[in-house]
Structures are given as structure tokens and as C-alpha cells.
Amino acid sequence: MIAFVLSRLLQSAVVMVAVAVIAFFLFRYVGDPVLAMTGQETSREDQERLRTQLGLNDPLVVQVFRFLGRGVSGDFGISYRQRRPVTEMLVERLPATLELSVVSALFALAVGIPMGVYSALRRDTWLSRVFQVVSLIGISLPPFLVGILLIFVFAVLLGWLPSSGRGEVVSLGWWTTGFLTLSGLQALLLPALTLGLYQMTLLMRLVRSEMLEVLRTDYVKFARARGLTDRTVHFGHALRNTLVPVITVTALQLGSVIAFAVITETVFQWPGMGYQFIQAVASVDVPVMAAYLVMVGFIFVTINLSADLLYYGVDPRLRLERTVIGGQADRGA
Amino acid sequence: MRRRIGTHIGRGLLSLAMTVVLLGSAVTSVDAKAFRWSFQGDALTMDPYHNNETMTLDFLSNIYEGLVRRGKSMEIEPALATEWTTRAPDTWRFKLRPGVKFHDGTPFTADDVIFSLERAKSEASDVKPFVQGIKTIRKIDDVTIDIVTDGPRPILLNSIVRWYILPKSWFEKHNTVKVHKLGTAETNYAALHANGTGPFMLKSRQPDVQTVLVQNPQWWDKAEHNITEAIFRPIKADATRVAGLLSAELDMMYPVPLQDITRVSRTTGVKVMQSPEVRTIFLGLDVSRDQLLYSSVKGANPFKDRRVRLAFYQAIDIKAIHEKVMFGASRPTALLIGPGITGFDVKLDQRFPYDVEASKRLLAEAGYPNGFEVTFDCPNDRYVNDEAICQAVTAMLARVGVKVRLNAQTKAKHFQKIRAKDTSFYLLGWTPASLDMHETFSYIVTTGSEWNIGGYSNPKVDELLGRIAVEINANNRQALISEAMKLTKEDIPQLPLHQQTLAWGAKSNVDLVQLADNSFALRWVRVK
Numbered sequence: 001m002i003a004f005v006l007s008r009l010l011q012s013a014v015v016m017v018a019v020a021v022i023a024f025f026l027f028r029y030v031g032d033p034v035l036a037m038t039g040q041e042t043s044r045e046d047q048e049r050l051r052t053q054l055g056l057n058d059p060l061v062v063q064v065f066r067f068l069g070r071g072v073s074g075d076f077g078i079s080y081r082q083r084r085p086v087t088e089m090l091v092e093r094l095p096a097t098l099e100l101s102v103v104s105a106l107f108a109l110a111v112g113i114p115m116g117v118y119s120a121l122r123r124d125t126w127l128s129r130v131f132q133v134v135s136l137i138g139i140s141l142p143p144f145l146v147g148i149l150l151i152f153v154f155a156v157l158l159g160w161l162p163s164s165g166r167g168e169v170v171s172l173g174w175w176t177t178g179f180l181t182l183s184g185l186q187a188l189l190l191p192a193l194t195l196g197l198y199q200m201t202l203l204m205r206l207v208r209s210e211m212l213e214v215l216r217t218d219y220v221k222f223a224r225a226r227g228l229t230d231r232t233v234h235f236g237h238a239l240r241n242t243l244v245p246v247i248t249v250t251a252l253q254l255g256s257v258i259a260f261a262v263i264t265e266t267v268f269q270w271p272g273m274g275y276q277f278i279q280a281v282a283s284v285d286v287p288v289m290a291a292y293l294v295m296v297g298f299i300f301v302t303i304n305l306s307a308d309l310l311y312y313g314v315d316p317r318l319r320l321e322r323t324v325i326g327g328q329a330d331r332g333a
Numbered sequence: 334m335r336r337r338i339g340t341h342i343g344r345g346l347l348s349l350a351m352t353v354v355l356l357g358s359a360v361t362s363v364d365a366k367a368f369r370w371s372f373q374g375d376a377l378t379m380d381p382y383h384n385n386e387t388m389t390l391d392f393l394s395n396i397y398e399g400l401v402r403r404g405k406s407m408e409i410e411p412a413l414a415t416e417w418t419t420r421a422p423d424t425w426r427f428k429l430r431p432g433v434k435f436h437d438g439t440p441f442t443a444d445d446v447i448f449s450l451e452r453a454k455s456e457a458s459d460v461k462p463f464v465q466g467i468k469t470i471r472k473i474d475d476v477t478i479d480i481v482t483d484g485p486r487p488i489l490l491n492s493i494v495r496w497y498i499l500p501k502s503w504f505e506k507h508n509t510v511k512v513h514k515l516g517t518a519e520t521n522y523a524a525l526h527a528n529g530t531g532p533f534m535l536k537s538r539q540p541d542v543q544t545v546l547v548q549n550p551q552w553w554d555k556a557e558h559n560i561t562e563a564i565f566r567p568i569k570a571d572a573t574r575v576a577g578l579l580s581a582e583l584d585m586m587y588p589v590p591l592q593d594i595t596r597v598s599r600t601t602g603v604k605v606m607q608s609p610e611v612r613t614i615f616l617g618l619d620v621s622r623d624q625l626l627y628s629s630v631k632g633a634n635p636f637k638d639r640r641v642r643l644a645f646y647q648a649i650d651i652k653a654i655h656e657k658v659m660f661g662a663s664r665p666t667a668l669l670i671g672p673g674i675t676g677f678d679v680k681l682d683q684r685f686p687y688d689v690e691a692s693k694r695l696l697a698e699a700g701y702p703n704g705f706e707v708t709f710d711c712p713n714d715r716y717v718n719d720e721a722i723c724q725a726v727t728a729m730l731a732r733v734g735v736k737v738r739l740n741a742q743t744k745a746k747h748f749q750k751i752r753a754k755d756t757s758f759y760l761l762g763w764t765p766a767s768l769d770m771h772e773t774f775s776y777i778v779t780t781g782s783e784w785n786i787g788g789y790s791n792p793k794v795d796e797l798l799g800r801i802a803v804e805i806n807a808n809n810r811q812a813l814i815s816e817a818m819k820l821t822k823e824d825i826p827q828l829p830l831h832q833q834t835l836a837w838g839a840k841s842n843v844d845l846v847q848l849a850d851n852s853f854a855l856r857w858v859r860v861k
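In order, the protein sequence lines correspond to chains A and B.
Counting from 1, one number per residue, gives the positions in the first sequence under our numbering.
Counting from 334, one number per residue, gives the positions in the second sequence under our numbering.
It should be emphasised that the hints constitute simulated quantities derived from the structure, not laboratory data.
Keep in mind that a hint or two might mislead.
As the list claims (entries may be wrong) - Okay, the calculated beta carbon distance ranges per label pair:
no., chain 1, residue 1, chain 2, residue 2, range
1, B, A581, A, R44, 47 to 53 Å
2, A, L180, B, R738, 52 to 58 Å
3, B, L626, A, R44, 45 to 51 Å
4, A, L149, B, Q373, 18 to 24 Å
5, B, Q373, A, R44, 26 to 32 Å
6, B, R738, A, V153, 40 to 46 Å
7, A, E168, B, E451, 38 to 44 Å
8, A, L157, B, N842, 17 to 23 Å
9, B, N842, A, S140, 28 to 34 Å
Said to hold, decoys possible - Chain A stretches covered by chain B per the calculated footprint, using a threshold of three residues with CB under 8 Å from any CB of chain B:
no., segment
10, 156–169
11, 299–309
The C-beta atom is built at its ideal place from N, Cα and C for all residues, glycine as well.
Just chain B, same shape as in the assembly:
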């Protein structure tokens, strides 16, 4: 009796399952014309001032816009501002674009710009660094403003690319004039809703599940894209994301894991786009302490001796890392910045040669003929193949007698450790948001700066950077930059490795533009 029931149930379930499966092969997905894309993480919020996180701000560039934006070759071009002139070293006059409307129909005026500045400077805003050089904004009329900076700011435009302009009335209406402090019970309306001037409007937002954008028919610019609806889903698991592209469920996804690039490019119907990224990966050394925290050397700091630093540098076979660890998806470098960053100087981009014998000799000269032990801190989920790079470096240093204890851990713990300067030897990557050399160096190289974890201090470099910050003449500025980079390069407080290469996957019938800062803009996407 039971068996019959059991069998019936079993058979029933089996037939249901088969029907569902077979129907799948016959029915195409709903919204077949929507553009579907995926990234390994989600945008953190729809509020542009909540989190200064690269992917979040890139995503929001489809909905919100700033006074200026970057074009297809990363050049700065007008967006909500049509032109600008410097009337004094610290005063810029911007003419705002007339006739622009926010998605809810309210017109864009100078008041919105002033409101946006105040909100960006509010206590809980994470985009303060973008506007810290701006002292105040004076309204001349509805379409003209004067931005007064805190001293001369030659790279003002670079800094404000990701400072999006918000609609004053809408934010006031929804009680989020100041960015909400964390810990307050009220949910920030702007975290789940958006109202910008950009080419796309936010239709729905389910954090970590799906975000849907629709075309803004009132957009002020001529649309180069042909997307009416775009659906974004984060897919964390690499294999699943690749499967989504190969099964034609996704029109575009990034990043393509390095080991899958060959496979994806060989599959018909999809393609891989690769180009250099502006993120530089480098190794840092503690050059300030009298005794390293995590090494076998007592009473002295081997990294204070330039010969040891150079020995480490020359022990690294960057070509092997490029070919075997990065599968060719890297650009070996000698500088902390790469092509695409203002100030890059190709003449200086020559690495010290890989030379195991020279390395051993230098170590012996410095008093470590048998090498020494040191702990190496590395993240394992932040940069492309970060742990693999560290393992390769560990093996290479072993060859010259340096025994490295590799401490690879998740990024949350790794950054906590190195930010606290609790390290002797570490790996770090850096992209300056403004794409300017000064930003990288002011965070990593100047004496006492936030991410100058090794404690490097060169007063001449500091002085040069001070002048670079205010030098308006581009040629003079470049000369100063090159000099500062040359000095830093010779001092070897850090060992630059490479710039990563981006790998995006897309259907063959999708035309898009791949920018070196890994930002994906829908406004250039055409589906043939």
C-alpha cells in the first residue's frame, strides 16, 4: 500500500522535473531584449556619497553624472559643465549645461551643485577626498558657478570626475540631506533609489540580487548605445560567471578569470577583451624601524641597506611571473604608476635587471651571505592571482638564500594588519582615483602618509611633491614628476611588479569600450 503511494509520488515528481527541464529547452527567457551583465561583486549602494568604492562609483556613472567625465581614451571631457576657465590660481569659473533634467523632471541648476558640495562634505560622506580641495562654490547665476579651491589645484578636474551632482529637492524630500551616519535606524532612501541626470534610470534595486536600469529618454547627450533595459546581477563564483557567459544567459561579464581566458576566447559566440589596467601591484618594505618586527635579524634592519633592497628586486624574475603566474595578463613595470596615469614617463620605466648572482653578491656585501628569514604579508582575494604572485616571489627569494614565511589571508585581515603598520614585507596594489601621479605618491611615498606603510622618508621627494601639487604649467609639472619618480626609483623603498591586465568577456555581437580603470559604461554599448 505504502509502496504504491511512494511509487506514485516518485513517478509524479520525476515527470514534473522532466517537464520543467524540457520546457526550458523550448522557452526563451523573459525580457529577451534586455542587456544582461555581471560582475563578481555588487554595487554597494545607490547613494553616490556612501562608499568610495570603485565598482559602486562606476556603476553609478550610468545613473548620475559629474561636472566632467572621462571619454573613450580616458580624457577629461565636459559633462554637466560645458566649459571652464581659471580666473585666478584658486578660482575656476564653470558654465553649466542648460536644459538638463533629472530623471524625475526637475531641472538641473547651480543650486544642485552647491547642495552636492555640502552633502559631499557632510560628516558621514565617504567621498570627501574628491572635494577636499574645494573651499566653496559661489553661484553667479543658474548656469554659472565659481569654484574656489584651497590654493592652486592643477588636478581639480581629475578629482571631481567621480563627484556626482545630486538633485537638491529630491534629496531634501527624502530626508537625506546629510549622508546618514552609520548606526542610525532610518534607512537611507537614496541607498535603494536614485535620481540622476545620466543615460539610465534606476528601475529596481535588490541588493546582492539584481539591479535593473532603463534608458533615460530625456538624456541631454546623444545616445551612442542601443540599450533600452539593462539587468545587472552580481555573480561571485568565477566558474558560475563564466558558465553564465558561455550559456548565453549573460551578454557581458567581468572579470574573466585568467585561467579561463583561452577557453572563453575559443568559444564561438563570445569574445574576450583584454587591455592594461591602471592598477600597479608592488611589494613594500619596512625601511624605518631599527629592527624588523618579523624577521630573524636582531639588532638591525636589513631593509635599511639599499643593497638588500636591490638584492630583493633583482631576485624577482618578473618575466616568469608574467608568463606563468599571470598567463601573460600583466605589464611588468619599474614605476608605481603606469601608462594612463598623468605623469607616466616611459623613459624611467626600465626595471633593474633580474640577476640571481648579483642578488646573492649584494646580500653577501651587506652582511647576509646566508640570507635571513622574514614574514611576507599578502592578500589572497583582492588582486588578480595575488596569492600566486606571492608564492612565486617566495620561491624566487629562497633561491638567493632569503627564507620567506608567507602569510596570505583574506583582504579584510590583510589590510587591517598593514594599515596598522604591523608588517615587515607586504604586497599592495594601487590605483589613484584621479589617475594622477601626485595622488599615488601622496598616499604611498610622502613622509608619514596613510599608506606609506614602510615609513619611507625622503625630504627632497616630499618637497617636489609639494610643488607638483600646485604647479599649473603641464611641462614644468611633468619635469618635477619625473624627478620625483627617479629619486624614488633609485631609493627602492618599494619593489614595483606590474600593472594588471583587464579581461572582460562578452557576446561577439556586443560592441563596448574597455577603459583602463576597469569601468564599464553602458552608454557606449551597442548590441548588433
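One chain only, chain A, in its complex shape:
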């Protein structure tokens, strides 16, 4: 068990270093940060001076090691654009993205799972068919279109909800939350809906197909033959086994959502990390871009590590055999 955890940690560290090095090399091709930072009238001498100051004229090897060395201690440098420590900027925006991601994931779970269960159990009803169509729409529509559509209906036409921003937020230490104010909650609704729509349809389809498969298995037949009620069979046994792949997918989705809520954040001007990343790309703010990628790598690595450890804890066979099945776990009684 310890060996397993240690080996996983080592692998994660290797992944992180690889991400950092690749990120570093990528950033040499995104444009000149000095040109982006200075006005059109800035002289060439001033630009060169700035370049040297930023260490952009140093040999490549030196730059790589400086980048890695600083990254290990959590120092991502000073943002070119805002001239503030990058770590400070990311921490400022983290609560907005996390709140949005978690609420959208909860929405996807709360709506997707019941929908999936219903359409698996009552396959031939009209409501089930409606769910199928809705899920098809949800998967096909790009998030920015959904977002703009929602803004148009709820903000412009009806005037019920704000079209952008996070509303008023309350500071609790270094965390800022929108949950405690009415405007904060209102501002959260549309972006969470937009972000959650795709996840919801994914979950719904997954739950439906998993349930259908499970309901066909032998042990479910035998359970019914034994006289157990439908409720016990469906929810006590079938759903429980369906939930394991659902957890996998949700965990991975959560990672994606946190990392890539960029489009939704841009459409709703949501002050999160994704929007900050897009701004950094446009203004060639390399320190912010690098920090963001490293952090995204870290999130994915952590989530995958936790998922692996979770399987190890959940599935007794893994502990016995000491082999790990990385993706979907087998079903068991």
C-alpha cells in the first residue's frame, strides 16, 4: 500500500516537471512580452533594457532552470501586466472559479443522475425521450452559445438576472464568496447553468447506459427472483454499482471544469482564473500563463491520484491482487 502511494507520488512529480518544461518552451512562441508591455513610442533601447531585466536575453538553459527552481518554491514571479506577484493574483481569483465549478458540478449531479436513472428505468415513456433530446442538445451546443442565449433571455429580455460579473462578494479571510449576498447568488446562476449543462448531459447519458447494462446482469435477475422490491434492486444494488464510473467521470470533469472554465468566464466576465489566463495569453503575460498551466497540471495530477487511491480503498479485489485498474472499476456485489 505504501509502495503504491509512493510510486504514484513519484509519477506525479515527474508529470509536474514535464508540464513545467513544456510550458516554458511553449511560451517562447506566443509573442514578445516586452512589445506587449510597452507603448508604441517606447524606444528600442528601453525595450532592450527591459528584456535584459526580465532575463529574456539569458541563455535558454539558465532560463529553464530559473523557471523550475522558482516554481518549486511556489514563486511564479511578477506578472508582466499587473506588476504584482502572480501567486497573489491566482489566489485572488481562485475562489471565483472554484465556486462556479463546484456549483455547476453539483447542478450537473443533482439533475443528471435522476434524469439518467429515470430514462433507464422508464425507457419508453415520452419524458424519457424528451430527456434524450435535451441531452443531445446539451452535448451539441457550444458553451459560449448557451451562455449568450441565457444572457439574452434572462438578462436582456426578462431582466431577471445580471448579464455579467460576480455581483457583491463577501470576504472571509483570503476567500471571497458570492454565496452570502443576493446579487452574488443571482450572478452565479447563469454561468453555473452554462458550465453545468455539458456535464449534466454527459452524466445523464452515462448513468442511463450504465444502469441499463447493470439491470441486465445475472445478479439483478437473481435479486428479483429472490423477491426483493424494485426499489431495493434499483437503488440498493444497481445504482450503487453505477456510481463508481460516475465518480470517475465527475472527478475528471471537475478537473476540466476548474481548468477550462475559460469560455464561460469570458462570456460572463466572471473574474476567475480561466478569464485571467485568457487575458495573460492576449497580453503575453508569461509568468501568469506559466503559473496557470503548472497549477492546472497540479489539479489534474491530484485528482487522478485521489481517484486511484479511492479505487484502492473502495474495491477490495484491488487490495488483494495489488493490481490497479486505472479507469472504470469492475462491478462487484
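Knowing the structure of chain A, use the given hints to seat chain B on it.
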């Protein structure tokens, strides 16, 4: 059992969501009287010397002021200086306005002006170009200074409009006497806080989220506005910004995307204001290399032949671009400067005619009867409909036989490429900060200048520009300017296209002044 819990949770969430939504329709937003406005980007910093960026400096003009400022018709008028006289060709005596206080109460004196000059010239300051003509400032007394320039500077006043005066004691107190060098760990206090003499004070600043200004009751000028609190939020996504205006959450926003102008002007309660902008969009050609870097022609540079340049010019149907690409929001031009820039000469503003046959003939005469291939560098997120303009030009050149490979990319990469002169044919836009012809030409046309990417060199034009720089007599200066522009126009090293048109959106009950340099001043805003 689980299902019941699940259903309860589901129902609970649904009711919560509905309550929140419905309450929204009943409750109006907090600070209902605050003036809310939005732009597609944010001011980069609250430190006026950090970044020479147009929007940042425009925004800061509400908080800080210079010795002079621009009035409603873009004319130069007194601000922190009340009058000025030239005592010698290189010495200007300025009388400073008495009784002016900074937002923290400290009085404004000549020492602040001298401090501001030193700080503007500090190594990491990005506003050096504004004060590069000033050699030194001599204090005569607390309200009188002599500005000594580096030789005669007829457009000194134009150059210093955006050079804001800073309070010496406040900047010293907060350890930012010199503009902070990038890479230092200390945060610049002045980046998030401000202390100026302007009509508004900075109440709070959250970069990229929201900046709040409040009225300065001690302002020295008579307030024409009726704003007590102003809240600025950048909204990058065009559709969202338009939605914000249409849903009445914003009182004003700019720019209005061209395709939404009709829609916004038709909506009741909001209006669109349009007027010409001073930015000129033009195409540049590499006229110096012996062989173009990115074309199919080997051993020769087609752009060195004036006939080819004229052929390109006459192949462009500027009217079609004006109507179809710019939706009417442009002013076709033949010069690198437009109305509103000192030196503009309407007599010279006649384009060579659009003539496809003439263009083909010229190309054949020059030895390219079947045209040739060339790469065209274009930004796709810098100017209004820039990529669309380039695509239109590409199609028009195809008609005369020139096959253009369009390379449209984000501005960070585009400017990096053309600044390095790594191009044969490119698009660029220019607004001279001082609104004077000399500045445009000294950056784009003089031999060897920074943005003279095509390498154009005409010694006669250089000589004229040298004289324009120091000619004090306005009429003589205009004559020299017209001559230089005529020569450049005839040489066609660049193909001017048009000046953009500004489009601002606002609620119908908001009165404001739209200046041709796209600067939005709160001090003229009245909400009825």
C-alpha cells in the same frame, strides 16, 4: 429511501433557484445612482507613468491632470497651468494655477511639477516620449516655472497633455519615487492607489474586475457633470457588453461592435454615438530589400517599382470596404493622418482612383502580367474588423492577378513580427499621441525610424520633417507639412485606407462628449 432524499434535495434547490431569480425581478441593484460604464479592456494600472497605453491614460485623466488638457473640440486649454509664454525659442514660462489641492489635501506647487519630470524620466517609466523634449524645469516661485526644451519645440503643449502631474510628498511617502523596475518584488503602491488633482478620486481598485471613482468636491474647476460615484467594469466579450447596455445594467459602454450598431440604435432607451476617430489604418510595403522575404518573385523586389505600388493602391475598392466591411463606420482617406490631427490638409486628401484595368496594366508594364505571390501580415484582434479588411484586400488583389497569402494572427505575435521587419506586406494603424503630423511621420516615414517597417527613405521628406520639428510659425509649418505629405503621397510607400469611426453606446438619458481620440471623460457626463 435515497430517492426521497434526492427528490427533496432536488426540489429544495429548484425552489431556491426560483426564489433567487424572482427576487431579482423585484429588487433593483444597489447603488442605483452610480454611473456604470464599461470598455472592452481594463486600465492597466493607476500609476500614470507605468504604461503608455491609450485607454489607461484616458481613464487616469479623470483622476490626474497635466499642465494642459484638451477641450470639447480637442483644442488645448489650460489645466494645472493657467497661462504660458515663450521667453526664448527654448524656454517657456508657465504660470501654475493657485489654490489647487491633491485629493489628500496637499497643495499643488512647482515642486510637484519638477518631481513629476524626474519621475517621468526615470529608467522604468514608459512615458519618457512625452517629456523627451524637456531638458529641465526651473522653479521661479511656487506658482511659476520655466520649462527649458531641447531646442525649439513648437508642439510642446501637444506632447504634455498626457503627462500628468504627481504629488511629490505622497509618492515619496509610498516609496515610489522612481517608477518601479519590472521584476522587483515590491508592489508599486501607486499601481492600486491614486492621488491626483482631477475631478474624481479613486475609491477602490480591483484590477480586471472593478474600479470605483467618487467625485472630488475640492476640484478647482466648475463641474459640468452630475456624477457622484462612477463604477467601471471591463467586459471583454462583445455580446456580453452589448447585453449589459441593453439590459440597462450599464449606463454607457464602448466600443459598440459594428454589427450591433443598428440593433442598439433601434432599442428604446439606448443610443449609439458615432464620430470619426483619429486612428488611420494603412497597408505597408517593403520597399527597401532587394528581394522580398515572402514573395514568389526571385532576384527583384516588385515593391521597389512605383507602378506596382500604384497598381496595388488602385486595386483596392475602398468604397466596398467602407460599405460592406466597415458597415459605413469608416472615413476613406488618402493620407496617413486625418481631420483632427494638426497638419491635416483636405486638399491633399484625394485618393488615387479605384481602377482594376489600370491596375492590371501597371502590373503588366512593370513586368508582372500574371501578377505574383506575396504574404500579407495582419492582426486579428487589434483594430476594428482588421481581419475582415485584410480578407477583402486579399480578394481585391486576386482580381488583378496578385495571389496573397493572408497571415492573420493575434496582435502580440503580429507586432512582434513586423517590429522585427520580418514582413513584406502588412497592415498597421496609427494614432499620434500628440495629435500632430510630425509625430506620425517621425515614427512611420522618416528614414530608419522605429515603425518605418518598409524601409522607405526620402531625404527630402526627412529634411522637411527636421524643419517641421522646429518651425514656430503655424502657417510656415503647415506649408512644410503639406509639402512633405504631398511627396510621401506621390511615392506611395504605404497605402492609406481609412480612419475608423468610433461607436459608443449609452442610455438615452446620458449626455456625454465623444472625442475623436476615443477618450471618455467623466467630467462632461450628465445623467438626466
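### Query
What are the numbers of the hints that this structure violates, sorted from low to high?
3, 9 and 11
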